[in-house]
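Top line first, the protein sequences correspond to chains E and L.
Per this note's numbering, the first sequence runs over residues 1 to 324.
Per this note's numbering, the second sequence runs over residues 1 to 434.
Any given hint could turn out to be false.
Reference excerpt, derived from the structure (chain L facing chain E, CB under 7 Å, subset only) [said to hold, decoys possible]:
(1) 137
(2) 174
(3) 195
(4) 221
Partial list, derived from the structure: chain L residues whose beta carbon lies under 10 Å from chain E [as the list claims (entries may be wrong)]:
(5) 105
(6) 276
(7) 345
Reference listing, derived: stretches of chain E covered by chain L, where coverage requires no fewer than 3 residues with Cβ under 8 Å from a Cβ of chain L [claimed, not checked]:
(8) 76 to 82
(9) 115 to 123
(10) 133 to 145
(11) 199 to 210
Since the hints were made in silico from the structure, they are not lab data.
Beta carbons are placed, not taken as given, at the ideal position from N, Cα and C, and that holds for glycine.
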Amino acid sequence: MSDGRPAANLGKDLVGLEPLSGDQILTILDTAEPFKEISERQIKKVPVLRGQTIVNLFFEPSTRTRISFEFAEKRLSADTVNVSATGSSVEKGETLVDTARNLEAMRIDMVVMRHGAAGAAQFLGDRISSNVINAGDGQHEHPTQALLDLLTLRDEFGGLDDLRVCIVGDILHSRVARSNIWGLLRVGADVAVCGPQTLIPRGLEELGVKVFPHIETAIEWCEALYVLRLQLERMNAGFVPSLQEYNRVYGVTSERLDRSDDEIPILHPGPMNRGVEIDSDVADGPHSLILPQVTNGVAVRMAVLYLLSGGEPEKADAAKEGEA
Amino acid sequence: MRPTLIRGGRLLDPSRSLDEAGDLLIEDGKIASVGGRITGPDGAEEVDASDLVVAPAFIDLHVHFREPGEEHKETIRTGAAAAAAGGFAEVWAMPNTDPPVDNPAAVGFVRAEGERARRSRVEPIGAASREQAGEQMTEVGELVSAGAVGISDDGRPIENSRLMRRLLEYTQAFGIPVIQHAEDTELSGHGVMNEGVVSTALGLEGIPNASEAAMVARDLLLAELTGGHLHVCHVSTRQSVELIRRAKEEGVPVTAEVTPHHLALTEEAVRDYRTEAKMHPPLRTEEDRAAVREGLAEGVLDLIATDHAPHHYEEKEREFDDAPFGIVGLETALGVGVESLVRTGVLTLSELVDRMACAPARAMDLPGGTLRRGAPADVVLFDPNESWTVDPSSFESKAANTPFAGDELTGRVHRTIVDGRTRYRAEPDDRDAN
Ligand SMILES: [Zn+2]
């Protein structure tokens with residue numbers, strides 16, 4: 001530790017944003033700032049994680065998140081190995097305990113894991129000495145997604161304190177919603193959710209989250225709108241009668257947004273169902289932050305990798321110049 | 001059989017409101033004499049019970065011994081040994097084995113294995129429906145002739161209302177209860193824990209209280225309609241307690257049980273995805289825990305049953321969604337009872353013994369659960385003040401899946417006598433060490 005300021009000290013793993021403090025979250029965002037600039041350079045590479053081995057372990061398909069992590073890892077000069085569930089020993093019935101034992105034997109430095117079961121990241125983190133980064137575990141958390149969302153919101157508004165953000169859609173099944181709720185609450189934002197009652201999990205009010213049954217009142221209230229993907233299988237499971245009706249009642253349309261006096265920035269974790277939860281003219285419109293979200297994803301993941309590897313937040317600026 | 005004279009204990013028999021120092025004599029497998037200073041017959045084995053409570057041994061109406069079919073989890077032999085170590089003279093074994101106990105031969109097998117174990121008495125519960133498929137009634141009369149003491153599809157509910165009605169009617173001729181795991185499985189969905197703020201935070205699918213209570217409400221209406229004896233398993237919700245309270249006030253023939261873990265823990269125990277706290281029904285909220293405690297104290301819930309559900313270590317060592325439901329309970333029941341009910345003032349020690357020994361006997365009209373002269377000599381000797389740390393590796397059970405591992409509990413069994421024979425004795429140096 002160089003000066004009086006404490007290091008971020010995130011602990012060994014990043015399992016979720018629930019266990020983090022507002023200060024820890026803001027430290028990650030601050031650390032991401034200098035890394036943003038690397039992506040703009042001709043040579044997008046710094047030697048911060050040279051010699052470190054990172055395994056990207058994806059039990060569920062996810063092109064976006066995996067590629068974003070891979071970019072972040074390569075730009076920090078780490079050696080990366082991608083393991084997907086398809087065709088691996090995982091599909092042949094290897095248990096997560098076995099996977100953990102094998103990873104431990106291979107002396108991996110870091111593991112980025114996407115898994116279909118809530119708690120899988122913590123399960124792995126508790127059993128191996130490598131750092132574990134949760135890239136989505138069931139319906140539990142997806143912390144790096146929420147961190148990039150927070151960074152995007154902070155870029156847009158200049159701060160997050162007291163910012164009114166409403167998350168619209170399938171909150172019940174969404175790890176993105178959970179991580180955003182925790183992240184926003186921790187940094188002092190006001191959080192609301194909006195959607196059909198069948199897709200709102202119980203107990204949110206106890207956490208300090210407002211619940212809007214109507215999208216119109218949600219739009220009136222909020223300064224930024226976070227739109228979630230509505231999956232077809234929710235209709236098949238009877239949570240909503242049809243996607244058409246969902247669009248009619250909860251769809252984010254320019255007509256609905258135009259009724260607001262303010263211009264409301266729109267975020268979406270992707271991939272979008274255009275014409276279901278969001279209309280194309282909104283997604284591609286001037287207030288869409290969807291592309292900045294993608295750019296920030298790489299910077300935030302670089303920051304997380306850097307901090308978990310023991311990097312000090314205040315030296316991130318120097319590290320990116322190759323001086324670490 | 002050599003007579004046994006238990007000397008100088010605290011005789012605690014809630015069935016007779018007895019709580020006094022004195023001796024107890026066992027002859028020919030029966031209680032021969034209770035209280036005061038007894039001069040033993042020649043050749044009697046003398047047992048020093050000073051500092052120990054001498055009480056009717058416990059009766060557990062709800063255990064899973066996994067045999068036949070899943071002997072890697074538990075066998076009737078190891079299960080019966082765990083029961084004896086927990087102070088139980090009698091346990092009722094659920095029929096959801098593989099294959100299920102849905103025929104007289106299987107009932108006979110469980111009974112015979114239980115006898116061979118020479119530990120606690122193992123009484124078989126027969127399946128309520130063939131293959132426990134919830135459709136066709138088993139041959140209840142044949143099962144009873146072979147020694148079944150009740151019928152149940154536990155592990156799953158009897159959901160078909162017409163079948164439930166017929167069972168409550170048909171069983172009456174045989175004097176046995178219909179034992180129901182009350183759950184609306186449509187409402188439970190793929191739920192793995194209580195539905196509420198904790199399931200929301202963990203991202204796990206929840207099981208609402210209504211899933212249990214809706215089925216309890218239906219069953220109570222059917223018990224009222226038919227007059228058949230309904231026994232409700234492992235009550236976990238405030239709403240179920242209220243429904244049973246009202247039904248009892250109206251004279252509906254219902255008895256109900258609650259587990260030590262639902263009395264001791266809440267859904268908070270599931271945090272960090274602890275699969276040792278995953279069971280059916282799930283651990284509920286503080287409000288529900290308070291309600292089942294109050295229900296037990298008032299007698300709305302009649303008795304404590306463990307729902308002892310052994311699983312192999314590796315089956316629990318996995319993702320929460322995929323881990324099996326259930327925890328073991330026989331060897332921690334007394335300690336958890338004393339710790340979470342007596343020391344918190346919910347029950348007196350005498351009431352705890354009542355809910356673990358006398359009330360099950362009352363509910364099922366059994367001869368045990370009392371120290372009355374002439375009753376079967378089912379006696380437990382325990383130290384109500386001795387504290388001990390739960391070490392699952394020292395269990396008699398094959399399984400170690402308990403959320404109480406590492407906890408310090410108070411109240412330890414020293415000896416279990418079943419039909420006049422000592423079937424469990426704590427290591428003698430255990431006492432001297434303290
Ligand atoms: Zn059950």
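Hints and how they fare:
Given the 7 Å rule on beta carbons, the hint for residue 137(L) is violated: about 32 Å separates it from the nearest Cβ of chain E. Because the smallest distance between the Cβ of residue 174(L) and any Cβ of chain E comes to about 42 Å, over 7 Å, the interface hint for this residue is violated. With a least beta-carbon distance of about 6 Å to chain E, the hint placing residue 195(L) at the interface is held under the 7 Å criterion. Interface restraint check: residue 221(L) against chain E, minimum CB-CB distance 27 Å, threshold 7 Å, status violated.
Given hint, residue 105(L) at the interface with chain E, is violated; its Cβ is 35 Å from that chain's nearest Cβ, farther than 10 Å. Interface hint at residue 276(L): violated, since its Cβ lies 13 Å from the closest Cβ of chain E, which is beyond the 10 Å cut-off. With its C-beta approaching chain E no nearer than about 28 Å, residue 345(L) sits outside the 10 Å limit, and its interface hint is violated. Taking a C-beta to C-beta cut-off of 8 Å, the stretch 76 to 82 of chain E contributes 0 residues in contact with chain L, too few for the three needed, and the coverage statement is violated.
With 7 residues bearing a CB less than 8 Å from a CB of chain L, the stretch 115 to 123 of chain E meets the requirement of three and the coverage assertion stands. Given a C-beta distance limit of less than 8 Å, the hint that chain L covers the stretch 133 to 145 of chain E holds, as 5 residues qualify and 3 suffice. For the stretch 199 to 210 of chain E, the stated coverage by chain L holds: 6 residues have a C-beta nearer than 8 Å to a C-beta of that chain, and at least 3 were required.
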